[in-house]
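Novice: Let's have the full structure, built from the sequences with the hints guiding it.
Chains as they are written, first to last, in the UniProt record's numbering: chain A, 1 to 195; chain B, 1 to 661.
Just so you know, these hints were derived from the structure itself, not from any lab. It is possible that part of the hints are untrue.
[To be verified] DSS-like cross-link-like pairs, simulated, lysine-lysine; straight-line CA separation at most 27 angstroms:
1) LYS622(B) <-> LYS123(A)
2) LYS107(A) <-> LYS65(A)
3) LYS107(A) <-> LYS83(A)
4) LYS123(A) <-> LYS62(A)
5) LYS107(A) <-> LYS87(A)
6) LYS123(A) <-> LYS65(A)
7) LYS622(B) <-> LYS107(A)
8) LYS33(A) <-> LYS123(A)
9) LYS58(A) <-> LYS110(B)
What follows is each chain in one-letter form.
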Amino acid sequence: MGTTVIGLIVVAVVVIYLVVIYNNLVSLRNQFKNGFAQIDVQLQRRHDLIPNLVEATKGYLKHEKSTLTQVMEARNNAVSAQKDAAKDPGDGTKIQRLGSAENLLTKALANFYAVSENYPELKANETVQQLMEELSSTENRVAFSRQAYNDGVMSYNIFREKFPNNIVAGLFAFKETAQLQLESPEARQAPKVSF
Amino acid sequence: MANPGFFERQAHARRNTGLLIFLFLTAVALITLAVCLVGYLVTRSQSSALPFHHWLLSSHGLTTSIAVVLLIGIGSLVRWVDLAGGGSRVAKMVGARLIEPDTSDPEERKLRNIVEEMAIASGVSVPELYVMESETSINAFVAGYTPGEAVMVVTHGALTHLSRDELQGVVAHEFSHILNGDMRINVRLIALLAGILMLGQIGHFMIRAGFYSGGRSRNRDGRAQAAMGLIGLALLIIGYVGVFFGRLIQAAVSRQREMLADASSVQFTRNPEGIGGALFKIGIKSGYLDTTSHASDMNHMCFSESARMKFSSLLASHPPVNERINAIQPGMLARLRSRLRDTEPDQNLRQSGQAQPAARAGLSDLVNHLAEPSPLRRRGSSSPIRSSFADNSPIETTKLSSRVGTVNPQSEAFAVHLLNQLPATFRSLLYTRAGAIQLCYGLLIYDLSQTTQRERLQLVGPHPLLRVQQDLLDKLLPALAKLGEDARFPVLELAMPALRKLDPEEREALLANIQRLVAADNRVSLFELALTTFLDRHLSADAEQVVPVKYRNYRQVLPAIRRLLSLFARAGSGSPEGADKLYRDAMAGFGTGSEESRAEKVSMRELRETLEVLNRLSPLLKPAIIDACGYCVTHDGRVEVREYELMRLVADQLDCPMPPL
Numbered sequence: 001m002g003t004t005v006i007g008l009i010v011v012a013v014v015v016i017y018l019v020v021i022y023n024n025l026v027s028l029r030n031q032f033k034n035g036f037a038q039i040d041v042q043l044q045r046r047h048d049l050i051p052n053l054v055e056a057t058k059g060y061l062k063h064e065k066s067t068l069t070q071v072m073e074a075r076n077n078a079v080s081a082q083k084d085a086a087k088d089p090g091d092g093t094k095i096q097r098l099g100s101a102e103n104l105l106t107k108a109l110a111n112f113y114a115v116s117e118n119y120p121e122l123k124a125n126e127t128v129q130q131l132m133e134e135l136s137s138t139e140n141r142v143a144f145s146r147q148a149y150n151d152g153v154m155s156y157n158i159f160r161e162k163f164p165n166n167i168v169a170g171l172f173a174f175k176e177t178a179q180l181q182l183e184s185p186e187a188r189q190a191p192k193v194s195f
Numbered sequence: 001m002a003n004p005g006f007f008e009r010q011a012h013a014r015r016n017t018g019l020l021i022f023l024f025l026t027a028v029a030l031i032t033l034a035v036c037l038v039g040y041l042v043t044r045s046q047s048s049a050l051p052f053h054h055w056l057l058s059s060h061g062l063t064t065s066i067a068v069v070l071l072i073g074i075g076s077l078v079r080w081v082d083l084a085g086g087g088s089r090v091a092k093m094v095g096a097r098l099i100e101p102d103t104s105d106p107e108e109r110k111l112r113n114i115v116e117e118m119a120i121a122s123g124v125s126v127p128e129l130y131v132m133e134s135e136t137s138i139n140a141f142v143a144g145y146t147p148g149e150a151v152m153v154v155t156h157g158a159l160t161h162l163s164r165d166e167l168q169g170v171v172a173h174e175f176s177h178i179l180n181g182d183m184r185i186n187v188r189l190i191a192l193l194a195g196i197l198m199l200g201q202i203g204h205f206m207i208r209a210g211f212y213s214g215g216r217s218r219n220r221d222g223r224a225q226a227a228m229g230l231i232g233l234a235l236l237i238i239g240y241v242g243v244f245f246g247r248l249i250q251a252a253v254s255r256q257r258e259m260l261a262d263a264s265s266v267q268f269t270r271n272p273e274g275i276g277g278a279l280f281k282i283g284i285k286s287g288y289l290d291t292t293s294h295a296s297d298m299n300h301m302c303f304s305e306s307a308r309m310k311f312s313s314l315l316a317s318h319p320p321v322n323e324r325i326n327a328i329q330p331g332m333l334a335r336l337r338s339r340l341r342d343t344e345p346d347q348n349l350r351q352s353g354q355a356q357p358a359a360r361a362g363l364s365d366l367v368n369h370l371a372e373p374s375p376l377r378r379r380g381s382s383s384p385i386r387s388s389f390a391d392n393s394p395i396e397t398t399k400l401s402s403r404v405g406t407v408n409p410q411s412e413a414f415a416v417h418l419l420n421q422l423p424a425t426f427r428s429l430l431y432t433r434a435g436a437i438q439l440c441y442g443l444l445i446y447d448l449s450q451t452t453q454r455e456r457l458q459l460v461g462p463h464p465l466l467r468v469q470q471d472l473l474d475k476l477l478p479a480l481a482k483l484g485e486d487a488r489f490p491v492l493e494l495a496m497p498a499l500r501k502l503d504p505e506e507r508e509a510l511l512a513n514i515q516r517l518v519a520a521d522n523r524v525s526l527f528e529l530a531l532t533t534f535l536d537r538h539l540s541a542d543a544e545q546v547v548p549v550k551y552r553n554y555r556q557v558l559p560a561i562r563r564l565l566s567l568f569a570r571a572g573s574g575s576p577e578g579a580d581k582l583y584r585d586a587m588a589g590f591g592t593g594s595e596e597s598r599a600e601k602v603s604m605r606e607l608r609e610t611l612e613v614l615n616r617l618s619p620l621l622k623p624a625i626i627d628a629c630g631y632c633v634t635h636d637g638r639v640e641v642r643e644y645e646l647m648r649l650v651a652d653q654l655d656c657p658m659p660p661l
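Specialist: Here it is in structure tokens:
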């Protein structure tokens with residue numbers, strides 16, 4: 001009688017332990033999935049800000065039409081790439097295309113900042129200053145959301161691969177997930193405004 | 001997002017809670033015992049001589065103990081309930097102002113953006129933001145019970161003095177507190193400490209009551225009064241002891257967590273320089289919340305120490321700033337210090353070493369300088385030296401010639417001020433040959449755009465010593481830009497001893513290089529003229545030889561005088577008519593006057609020849625020339641930098657050392 005009770009208790013403890021592991025796996029997986037959605041949100045924000053910036057600086061940069069058109073083209077390209085990737089997030093090539101489109105946009109923006117250095121009245125304009133701050137904040141947010149996603153993926157993978165957890169993971173088909181390597185490390189920094 | 005070690009850190013935080021409770025109960029027990037002891041001593045004479053432990057268990061002892069525990073309990077409970085409203089109650093406690101989410105103030109907007117970025121990076125929702133407007137020091141804290149309804153409070157000083165990256169480092173540090181569950185413990189701790197502190201406040205009250213009532217009525221029993229006063233005093237002392245224990249509790253619980261939060265900040269921002277820079281600035285400026293009344297209550301929650309305390313090394317709830325910087329990244333402290341030496345005027349550094357309250361204004365300027373990277377300033381903008389010129393409102397009308405060769409207190413003060421304004425590395429560079437050479441190049445190009453600078457520097461040929469050394473130039477150019485045009489000549493003169501160490505060949509080559517740089521834009525500005533003449537004078541082959549006196553009266557050198565005064569008259573007045581009049585006035589001193597006509601232009605070569613000729617005048621005749629030039633320059637009561645440089649050049653060429661005007 002005593003041994004049965006002890007046996008039952010042991011079994012109960014083990015079951016509870018496994019349940020806890022399962023729940024942790026679920027919560028970690030959902031966290032990184034949420035991280036992925038965040039990236040999308042921030043990219044969207046970036047795309048929305050750029051037309052405002054171009055509009056506000058058009059008056060000052062009359063002689064720099066090529067730079068402005070370059071920025072707008074890169075932005076439109078990135079928007080279409082994003083819409084494409086949103087339809088089918090699992091597709092690796094689409095994510096790649098999105099990555100390179102965003103890269104191009106970053107380069108165009110860097111060029112834009114370099115050109116605007118020659119126009120001090122431009123930088124003194126308050127609206128432009130605000131927009132620049134918002135844009136630089138958005139660059140940071142895109143970077144941080146990618147970083148958060150990657151951190152989430154890393155925690156999930158580590159937890160998933162540790163010893164007793166991997167059994168549960170195998171049982172319930174928790175797959176390994178890859179981190180996002182969209183852009184090169186230098187592109188992680190917000191385009192620097194001063195040279 | 002959850003980091004690896006997230007669960008360990010939660011466990012760590014829970015252990016801290018246990019420790020906290022244990023320490024708190026111990027403190028309460030000790031305080032109760034202490035109060036009982038006081039009660040025992042006071043009442044001992046009345047009752048029979050009971051030993052202490054018996055007295056404790058008697059009705060007196062028990063009443064006292066219960067009373068003390070109740071008091072502490074009520075004090076804590078009151079504050080607990082007060083703060084149960086959530087983090088915003090703490091924010092109200094310190095008098096902070098809410099920042100609206102759609103604020104339009106640029107600094108608040110910047111803070112809001114930074115906080116939202118960090119929320120993304122850490123996976124925590126965005127807290128409500130408050131700012132402590134009357135605080136100019138740098139500090140911040142978070143409060144609240146759950147991450148969902150957290151509150152972040154930042155001082156106004158942090159908004160103005162920290163760069164974007166540094167502010168982000170501080171915000172990330174606070175977010176890690178939210179993430180690791182530190183907030184709840186912190187807020188509870190404020191409540192617990194409030195109870196202990198209340199004892200001291202009651203004691204204070206009793207003392208005052210004892211004194212006042214004694215003065216008013218005679219009917220009270222004198223001894224009861226004294227007893228009350230004594231008890232009050234005792235409670236006060238116990239209260240202080242309680243505060244001591246409270247601080248110990250704060251310190252024990254929070255020091256380790258602060259290092260952990262620093263590390264998490266680096267993990268979130270991937271940028272150790274941000275939080276490192278913020279800590280460095282706090283080390284200079286301090287984070288003391290001088291205008292907040294509950295600063296010491298919240299000491300453990302803030303980013304850095306918020307209240308000055310005795311025994312600070314023991315009771316500090318944060319590790320020392322230098323230790324924190326070293327923990328973030330070894331070597332960063334040295335880097336930050338060297339950067340400070342490279343850019344800041346010497347006197348500000350020396351002041352910060354003493355950290356006196358009187359020098360506080362200088363310190364905040366210092367920190368402000370650190371906050372914004374100073375852009376390359378255009379010629380003629382504000383410079384620290386300019387004030388010494390502007391201040392001389394009534395120009396002394398005594399003859400300039402009488403000041404040749406003299407030193408007066410004002411000149412000395414000016415010199416000292418100038419030397420103090422130079423960054424330490426800048427000055428030491430001037431004393432080396434390489435640095436002095438680069439300075440000469442730098443003086444000619446410092447106010448040009450970067451691309452033009454590079455073009456000009458290409459004109460300087462390769463040579464082991466005389467070639468362009470970009471690393472030295474990079475240290476000199478920003479300082480030159482900041483010091484402005486007033487400091488150009490003084491700085492050049494400082495470099496002369498080093499330049500004189502060059503051998504004749506090198507000197508020639510240097511002069512040739514300078515000539516090339518000057519000729520690059522096909523225009524010779526007044527400064528370039530002055531510079532080349534100055535260098536020629538002191539570095540040419542016959543610089544050290546004595547000039548024989550050739551002319552003994554003005555008639556022989558009249559053409560030269562005419563040319564010189566034409567130049568000065570033009571420089572000293574704004575219009576051609578004014579210049580004419582000035583010229584005639586000046587020439588009047590040399591026996592000619594009304595029939596003179598001013599020469600329109602004087603070329604560089606002509607000027608040089610003029611000065612060479614005039615240098616051969618007999619010494620007794622030179623003063624008049626200097627006075628005439630001085631008259632042109634000072635007749636309108638103001639000395640522009642251009643005029644000053646010209647004057648200085650002439651005086652130098654004529655071998656008449658002249659103090660600053």
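Novice: Next step is simple, just say for each hint if it's right about the structure.
Specialist: Consistency of the hints with the structure:
Restraint check for LYS622(B) and LYS123(A): the C-alpha separation of about 53 angstroms exceeds 27 angstroms, so the hint is violated. Proximity of LYS107(A) to LYS65(A) is assessed by CA-CA distance (about 16 angstroms); at most 27 angstroms being required, the pair is judged to hold. The suggested pairing of LYS107(A) with LYS83(A) holds, with an alpha-carbon distance near 21 angstroms, which does not exceed 27 angstroms. Using a Cα cut-off of 27 angstroms, the hinted pair LYS123(A) and LYS62(A) holds, with the two alpha carbons roughly 15 angstroms apart.
A threshold of 27 angstroms between alpha carbons decides the hint, and for LYS107(A) with LYS87(A) the separation of about 26 angstroms falls inside it, so the pair holds. Distance restraint check for LYS123(A) and LYS65(A): the Cα-Cα separation of roughly 18 angstroms lies within the 27 angstroms cut-off, and the hinted pair is therefore satisfied. A threshold of 27 angstroms between alpha carbons decides the hint, and for LYS622(B) with LYS107(A) the separation of about 65 angstroms lies outside it, so the pair is violated. Taking the CA atoms of LYS33(A) and LYS123(A), the gap is about 39 angstroms. The hint is violated against a cut of 27 angstroms.
The straight-line distance between the Cα atoms of LYS58(A) and LYS110(B) is roughly 24 angstroms, inside the 27 angstroms bound, and the hint therefore holds.
Comparing the model with each earlier hint shows violations of hints 1, 7, 8; every other hint is respected.
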